[in-house]
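K.L.:
Here are the chains, one letter per residue:
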Amino acid sequence: MKFSLAHKALALAATLTLASCGGGGSGKATYPINVKVQNVLYPGLVLSTNGMDVPVTPPAKAGDDVTFKFPNEVEYGQVYNVVPKGGDLSSSPVKYGTQPLHQTCLPNTNYPDSLPHTATAGQLATIQVNYVCALNSYPLAGTVKGLTGTGLQLANGSTASVTVVPATDSTTSKPTGADTTFSLGKVYWNQTYGVTILAQPAGQTCSVTAGGDNGKGAGTMQDTNTTSSLTDSTGVTNIVVTCVNNAG
Amino acid sequence: MKSSILRAGVVALACALGLSACGGGSGDLTLTGYVYNVTKDGLVLQNNGGDDTAVTSPYTAFQFGSRLSNDDSFNITVKSVPSNVANVSDCVVANGKARANYYTIGQISVTCKIRQRALKVTVANLTTSGLVIVNGADRHDVTAGTTTVQMAGVNEDGPYGVTVLTQPTGQTCTVGGGGNGKGSGTMGATEDTTVTVTCA
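Residue numbers (this note's numbering), protein chains in the order written: chain H, 1 to 248; chain B, 249 to 448.
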């Protein structure tokens, strides 16, 4: 009891002393929020925390880091949460907020840059938030029509390949020739793609009959994301491969 | 407090006297990691010069059979590589040498460099401009009169498929050659593969 009383008195004295110093404001320690953004190549990113918005301009030399401090410091005990403006990285699905063109920037998860983008000021000696940006990539997919033979392999150049299995009847296990979907992974923004038949199925000949920019399975990937959510990133899904039975 | 110091001392002493008793094989730390750019059988890894571990399909990770105890030394090396990797030194182990603890055993990876083979396209009868050919993400604008286009290298045993992205003005070009006669195939172990583009 005695000790705790003494403690309170000391605290009071400290408060009085501080106030008499003047200009100390509330007397709480404040912390600048330091930010580093890696690999931002295109304009548009806005990072926000505690009511402050900072647009992030790509560096003059591509690949250089962009560093800045938020204009106001946060007080000891205050929570900061640095996210792309309007974003919510803890929601499901994630809201990505105001991102740059063609890229998505997220908190860096690689040691030693993997510092929290949200925490309470004072938990760490200094506040450092690190973001890293990556080019967006979108699915490349389509449909195979009339496939009954096994062995069909499709490729997107040397980037990806996939074996397509014919649809089968659930009771007889015989191929039905029904439409089968395929996926050739993802293609980065502004990269070209070209779907080709790598191997023909047994007893059939397949060809790419529709889809892509040129209607023959080739094109250049454009952005299909929206500003708030990459889950809407449909990519190119209209590639059509049509298979016919070989003569005889 | 006293007893724990004593116990630690006794254990350390016991270890010093008979290291093998404390060493690998009986611990609870599993030595694992990811592998990158491996497409076929043949990659064999070793820990401390033994415990051979083959990386098998789907070629994404490895796990050594013997378990480690805390503070055991591990040193992962490459014993042999798949046939489409030129040298043992082309498969590089990252963070493969350390003393075992929950952090160090989660940081290991092996990345291989697959041998690249040349992919060449011969172009016939191209008299106008505008032709664009692609092998997936590898894009080439082809000007009138061009007879040869050197495409980016392709992984040995990897697929390729050359297609026309944009036809030239007033002409139609058709892709032939390659493994399947239509500009696609699997890159073999020979140095050159030639695909043809014929315009009319």
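No wet-lab data here; the hints were simulated from the structure. Quick caveat, the model's predicted, so the values are computed rather than measured. A virtual CB, placed ideally from N, CA and C, is assigned to each residue, including glycine. Any given hint could turn out to be false.
Stated by the list, open to error - Here are the simulated lysine-lysine pairs, DSBU-like style, with alpha carbons at most 35 Å apart:
id, chain 1, residue 1, chain 2, residue 2
1, H, Lys174, B, Lys327
2, B, Lys345, B, Lys430
3, H, Lys36, B, Lys368
4, B, Lys345, H, Lys145
5, B, Lys327, H, Lys36
6, H, Lys85, H, Lys145
7, H, Lys174, B, Lys288
8, H, Lys36, H, Lys69
9, B, Lys368, H, Lys69
10, B, Lys430, B, Lys327
11, B, Lys345, H, Lys174
12, H, Lys61, H, Lys174
13, H, Lys61, H, Lys28
14, B, Lys327, B, Lys288
15, B, Lys368, H, Lys186
16, H, Lys145, B, Lys327
17, B, Lys368, B, Lys345
18, H, Lys36, B, Lys345
19, B, Lys430, H, Lys36
20, B, Lys288, H, Lys145
Said to hold, decoys possible - Every beta carbon over 12 Å from chain H, so not counted as near; a handful from chain B, in silico:
id, residue
21, Gln294
22, Ser321
23, Ser331
24, Val340
25, Ala372
26, Thr391
27, Gly406
28, Pro407
29, Thr414
Stated by the list, open to error - Looking from chain H toward chain B, a few residues come up when the C-beta cut is under 8 Å (computed):
id, residue
30, Asn50
31, Met52
32, Pro55
33, Thr57
34, Gly149
35, Gly151
36, Ser158
37, Thr196
38, Ile197
39, Ala202
K.L.:
What are the numbers of the hints that this structure violates, sorted from low to high?
P.N.:
Checked against the structure, the hints that fail are numbers 1, 2, 3, 4, 5, 6, 9, 10, 11, 12, 13, 16, 17, 19, 27, 28, 29, 30, 31, 32, 33, 34, 35 and 39, while the rest are satisfied.
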